[in-house]
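**Student:** Here is how the chains run, residue by residue.
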Amino acid sequence: MFADLWQIVASDAFWIATLRIGTPLIFGVLGVLLCERAGVLNLGIEGIMVAGAFAGWFAVYLGASLWTGVAVAALTGAAFGLLHGVLTVPLGLSQHVAGLGITLAATSISYFAYRVSFPKLTEPPRIAPFAELDFLDPVPVLGPILGAQTALTILALTLVPLTGYVLYRTPLGLAIRMVGENPAAAETAGISVTATRIGAIAAGSALMGVAGSFLTLAAFNAFFFNMVNGRGWICVALVVFASWRPGKALLGALLFAAFDAAQLRLQQSSIGTAIPYQWWLMLPYLLSIAALVLVARKAAYPQALMKPYRRGER
Amino acid sequence: MIQLETREQTSRAAVVVAPLTAIAFTLAVCGLLVLWAGAPVARSFAALLEGGFGSRFALTETLTRATPLILTGLAAAVAFRARFFNIGAEGQLYLGALAAVAVGGLHGGAGFAWPLPLLFIAMMAAAMLAGAAWLAIAAVLRTRLAVDEVVTTLLLNFVVLLFVSWMLDGPMKDPAAMGWPQSVALNPALELSKLIERSRLHSGLPTAVAAAALLWAMLKFTAFGFEMRAVGANREAARFAGIPVNMTVIKTALISGALAGLAGAVEVAGRTSYVTLDMSPGYGYAGIVVAMLAALNPLGVVLAAVFIAGMFVGADSMSRAVTVPTYVADVIVAVSLLAMLVAAQLVRYRVRWRT
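Chains as they are written, first to last, in our numbering: chain A, 1 to 314; chain B, 1 to 355.
Just so you know, these hints were derived from the structure itself, not from any lab.
Mixed in with the good hints there might be a few duds.
Unchecked claim - Rough simulated footprint, nothing fancy, chain A against chain B, three-plus residues with beta-carbon under 8 angstroms:
1. 144 to 153
2. 160 to 171
3. 205 to 212
4. 283 to 297
Glycine included, each C-beta is placed from N, C-alpha and C at the ideal position.
Sequences are here, hints too, so could you generate the full structure?
**Tutor:** Below, the structure written as structure tokens:
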């Protein structure tokens with residue numbers, strides 16, 4: 001068992017898989033982080049990822065470039081984010097229920113659009129996905145691992161310090177954190193709680209859309225039903241584990257991905273085949289719950305998370 | 001800048017007009033989707049209504065579909081009343097179905113060798129227990145360790161589906177199914193009786209309606225119902241008033257999980273007679289929509305479940321009549337949920353534009 005595990009962890013293939021599995025999670029966790037730092041839970045993520053996966057892929061299928069596809073996915077995500085923002089911020093609907101509604105709406109509209117566009121298909125149509133970055137291969141140590149990734153993974157890795165910089169080093173970031181911690185104080189400081197929150201949700205949802213598009217434009221080359229398969233919910237769990245910090249979010253996403261990559265390989269090992277594959281596949285979900293249990297007690301939730309803000313009301 | 005102000009008094013007209021507007025909005029969105037699919041709008045709507053409610057066959061099919069939806073709707077309604085967000089009814093339903101077959105289908109296809117009435121009760125009880133115990137995990141994590149139940153119940157749904165998949169591959173595999181992933185069948189003597197000849201409608205429907213009435217009475221007339229509503233309205237105030245908040249949440253979760261588990265047993269005993277991986281087309285998730293459309297009122301759940309079931313059954317027959325994908329039903333459900341929520345909010349609050 002341990003010999004198997006060591007062999008797995010020592011291989012380049014394992015680390016290549018970890019980064020691949022981790023990429024959509026990094027985008028997704030950063031998206032959830034932005035929304036929740038501004039004080040709004042966004043359970044729309046699961047559906048927004050589906051919509052991003054479909055819209056980005058469909059744009060490319062119709063002839064757009066891959067990067068245009070990513071932009072379309074981001075815009076689709078932002079559009080659903082705007083809707084979630086309007087429903088939860090000025091209208092003050094239950095963030096849980098509105099988010100689930102967004103997930104149902106985004107998923108069903110995507111599936112509907114796919115079926116309308118391709119009424120009778122047995123084989124899903126394919127596109128030419130993002131190419132691997134072979135020119136990075138000569139880089140020492142990391143070369144073989146980064147060289148097998150696509151540009152979207154590099155984008156995800158770049159977004160981590162960028163999000164950190166915006167949140168902690170710019171007035172905009174301060175505004176986002178303030179409306180998530182103490183909206184009344186933010187308003188006193190002349191910050192519009194409504195605009196800041198809606199903006200943060202739209203931006204976060206755009207990242208969720210891109211997370212989905214990674215699946216159809218880089219990881220695979222087609223759109224499948226159920227392809228998001230709970231990844232969105234896992235991101236919601238990971239952001240608690242990361243205590244709403246971008247650096248820890250990266251760590252959480254990669255830890256989770258490493259675990260997933262390891263279990264996928266252990267399944268094929270001598271001992272792995274003795275255990276039903278379903279038990280292996282349960283592990284990532286159970287791990288997410290375990291991570292939540294580990295940190296929940298001391299989790300420093302943004303103070304105003306899930307509390308709608310009304311001016312003059314305490 | 002948009003602001004909400006509580007209305008001094010809600011006008012009676014608004015209470016009627018708001019949900020009608022929400023329905024009109026939903027139909028408009030649905031009409032756009034039909035146009036997009038290139039089908040004639042009027043004929044498609046006619047096919048939808050006709051297929052969902054327009055004939056004896058349509059009505060019995062709709063009510064058959066509504067049966068599990070009433071139960072999962074009640075599961076969501078009762079939990080949400082105490083502000084415990086059980087999003088895991090889908091998983092609890094599958095576990096209930098598995099438990100029902102484990103008691104009444106294994107052991108040579110006859111279930112345990114008990115007298116039939118006892119076996120029937122044991123089967124239903126096992127299903128309710130399975131659902132309740134599964135949700136209790138999330139409830140205890142919530143009350144003891146402050147783990148958000150939304151994420152845990154959502155993630156546990158995936159765990160259940162994999163567990164079911166393993167059971168159908170292994171311990172509960174039907175050897176006669178020729179590799180098709182399906183469980184052994186329930187003892188036929190345990191199946192629910194049919195209500196009407198030449199239809200699939202079964203006695204699960206009156207059971208579900210009775211559960212709704214019971215729950216309504218419990219919420220309205222019992223001390224526990226009051227505690228539950230108090231916990232849902234304001235946890236701090238409830239604690240201050242001496243209500244055992246954590247215990248109330250756990251008890252509520254047990255009821256909610258049991259209802260979802262019962263939905264699984266009723267589906268197996270009333271309709272499918274064995275467990276498959278696609279026996280529920282998302283009844284657990286649709287139950288949340290049902291509960292919200294009913295404003296968490298148990299009696300309203302019955303009506304909302306019939307409406308949602310009618311949309312699904314109608315969409316199936318519409319997609320056969322005109323070329324509109326069945327996913328249109330899922331869109332209708334999602335949009336009607338969001339529109340209804342907005343409508344309800346606008347009845348209670350006035351929107352003010354401020355500079």
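**Student:** Are at least 3 residues of the stretch 283 to 297 of chain B within less than 8 angstroms of chain A when you compare beta carbons?
**Tutor:** holds (count 4)
**Student:** How does the coverage statement for the stretch 205 to 212 of chain B fare against chain A, requiring three or more residues with Cβ below 8 angstroms from a Cβ of that chain?
**Tutor:** violated (count 0)
**Student:** Mind taking a look at whether chain A covers the stretch 160 to 171 of chain B? Criterion is 3 or more residues with CB to CB distance under 8 angstroms.
**Tutor:** holds (count 6)
**Student:** For the stretch 144 to 153 of chain B, do three or more residues have a beta carbon lying closer than 8 angstroms to a beta carbon of chain A?
**Tutor:** holds (count 7)
Hint 3 from the earlier list is the only one contradicted by this structure; the remaining hints agree with it.
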